[in-house]
Amino acid sequence: MSDPRPAPITLEAAVYLVHPTGRTASNLDELKNLIEGASDDELFFHSQMSRLRHREEDDLAIDDFSGWARGVIQDPQTAERLAFAVQTSPHDPGQLRLTLLEVLGSMSAADRLRHSAPDGGAFIGLVHETVRVPTGSTVEDAGSLIDALAEAHLSAWFHHLIERSWAVPHEDTVAGWLDGCGAPRLGALVEDEAASGRTVAAMRSRVLNYWRRSRIARNIADRRALPEDARRESEQAVVAGLVKRLRHSPGAP
Amino acid sequence: MSRVAVRTDGPSLLEGYREIVGDGPIRLLEGLARRLRGRRIVMVNSTATGGGVAEILHRLVRLLLELGIPTEWEVMPGDARFYEITKAIHNALHGVPTQLTPDDWDYFFEVNRRAAEVLALDGDLVMIHDPQPVAMAALRRRPGQTWLWRCHIDLSTADRRVWEAMTPYVAQYSAAIYSHHAFVPTPTIPSFLVPPSIDPLSDKNRELDPAEQERLLAPYDLPERRHWVTQVSRFDRLKDPLGVLEAFFLVRKRENVHLVLAGGTADDDPEGAEVLQEIRDRAGARTDVTILALPTDAHLTINALQRHSTVVVQKSLREGFALTVSEGLWKRRAVVAGAVGGIPLQVLHERTGMLVRSVEGCAYQITRLLRSPELRQRLGRAGREHVRDLFLHPREAWDYLALFARASA
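Read top to bottom, the protein sequences are chains A and B. Using our numbering, read the first sequence as starting at 1 and increasing by one per residue. Using our numbering, read the second sequence as starting at 1001 and increasing by one per residue.
Only chain A is shown next, with the shape it has when bound in the complex (with noise of 0.2 angstroms):
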């Protein structure tokens, strides 16, 4: 018997809709009743949303609990503490929100009091639907995913990526169906970047980046097996395109 392949992906985009919850904090200690009431789904959209909104590659997503802090309360301590929170929790609702409730748990009434947003400044509580948009890609392997995710709006990496392996079990993420088709170490590190806290966009020039970079060695061992001829032409090709990027880099004369 050959093990099972899993089944084929079909990638999609997607549109986040947004509805407030009703709910809504002016301090601390009203965030802190507003997230020990939270769904897991408004915990997932102050948690994760953030790291597609948001597009800087060289630095952390803010969430929304930590922004609120800093921006509209002013209290970074707290902001710092709340953030390192969200980026160290696993990805499971329950846990995340032991984790915040520690840190306000952990500051005196007072304190929590202390600052209060502006008029209009309140934290509110939202949470999302997503609509589906097709992208007519359906993948079987892994190289082909990730050619099509490279192809794909960010929308579609957050959605495979974050969102559907949210709280689930590992072998129903992306992760897990790359394990099954044979590339467990592709799989480990889009579990670890879906839970690094980067934005999407970083996430995605990592993980492309390290496909690039372990297909190298595959090319090389794929041209040992070329004919003379064929291998010096792609050897040429490579020198010319190596030329072509130095002229063309900044400071080139």
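Do not take every clue at face value.
[Unchecked claim] Heads up, incomplete: computed chain A residues facing chain B, CB under 10 angstroms, no partners named:
hint : residue
1    : L17
2    : R70
3    : A117
Worth flagging that the hints you see were computed from the coordinates, not collected in a lab. The beta carbon of each residue, even a glycine, is placed where N, CA and C say it ideally should be.
For this one, chain A is given, so just place chain B on it according to the hints.
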């Protein structure tokens, strides 16, 4: 004529946006459009010209047509009395105490009824904009149609009686769409948030070369060699122009800088005229402050002012969405803004700009930015990318298409 003929000649809007936002977002729009194949959309509002809603509808309807979605735009007919009543409703929804008599309401619904008889409202998806045509769903909705109410105005301080009079009509829609979470009243139907957006191809936001900027700013005798700190907004106390002036006075003690406060002429706004006078009195005869009362169509001048400024300020005390912030960010300006309303969505503190809560905070951040070109450059670059992703017209269009797709599913 109730149907608006949207111009579809000239260069493709879709391709214009593709050049700015890239291929990915446009393919997302095209993918959503494929999901809507075979559906017809009707947009309804109360005017084809003037105002932000008409402006966005001209762009949006054209974009939908280019995407292959049959779309029509109907304008409800009205008369002077109806517009007086709708103006009063508009003011009441903005929190201005207003008296509306039962006769006024009867007339309001009578005009809606007459309009519902003549407008072509037979689309699969009908989007009604703002309160004027709000009763249409109750009058014309037929099985199989999806009706959405798009409210562009801030209902956070709405007169309760006026809102209660409208609520039964709003309840006839499948969903309501608001610009900002603070604007959502007690929801009776599913409510969605679709932030407004700016048009990168409009006169207010398109690229301007230095010569064009110089020509546009020449009439105002502004100092060439000094940094400018600029706030563009209505002369309104909630925009805190006097707070900006106080912050500027603190900055000016150490920095060689010029303040520009630019706003509308305020001819039709008695409070605006009063605030403008207060600012002029406070600025006195200073030559380092320029107060510009600009005509409402001075889009290119505003564009040039923002582009020429070192720091763009929006020190509001209370805000709706404050798209002037996105305008500044889109032009790669360093932005200092109050942490209220929709501003924190646009300004990520220390990443795309600086959020402030006091006059001193505002002065501190302006000084910091004036002294660090590197910081300005970093924020400016990040701010532009943030707006490119979230606050340009294509994103607003894909939110609408996603709502339509959800409704059609």
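Is the hint on A117 (chain A) kept, meaning its closest Cβ partner in chain B is under 10 angstroms away? A117 (chain A) check passes; min Cβ-Cβ to chain B is 8 angstroms, inside 10 angstroms.
Hold the hint about L17 (chain A) up to the distance rule: shortest CB distance to chain B must be less than 10 angstroms. holds (5 angstroms)
Take the shortest C-beta to C-beta distance between R70 (chain A) and chain B; is it under 10 angstroms? Result: holds, 6 angstroms to nearest chain B Cβ.
Going down the numbered hints, you'll see the structure goes against none, and every one checks out.
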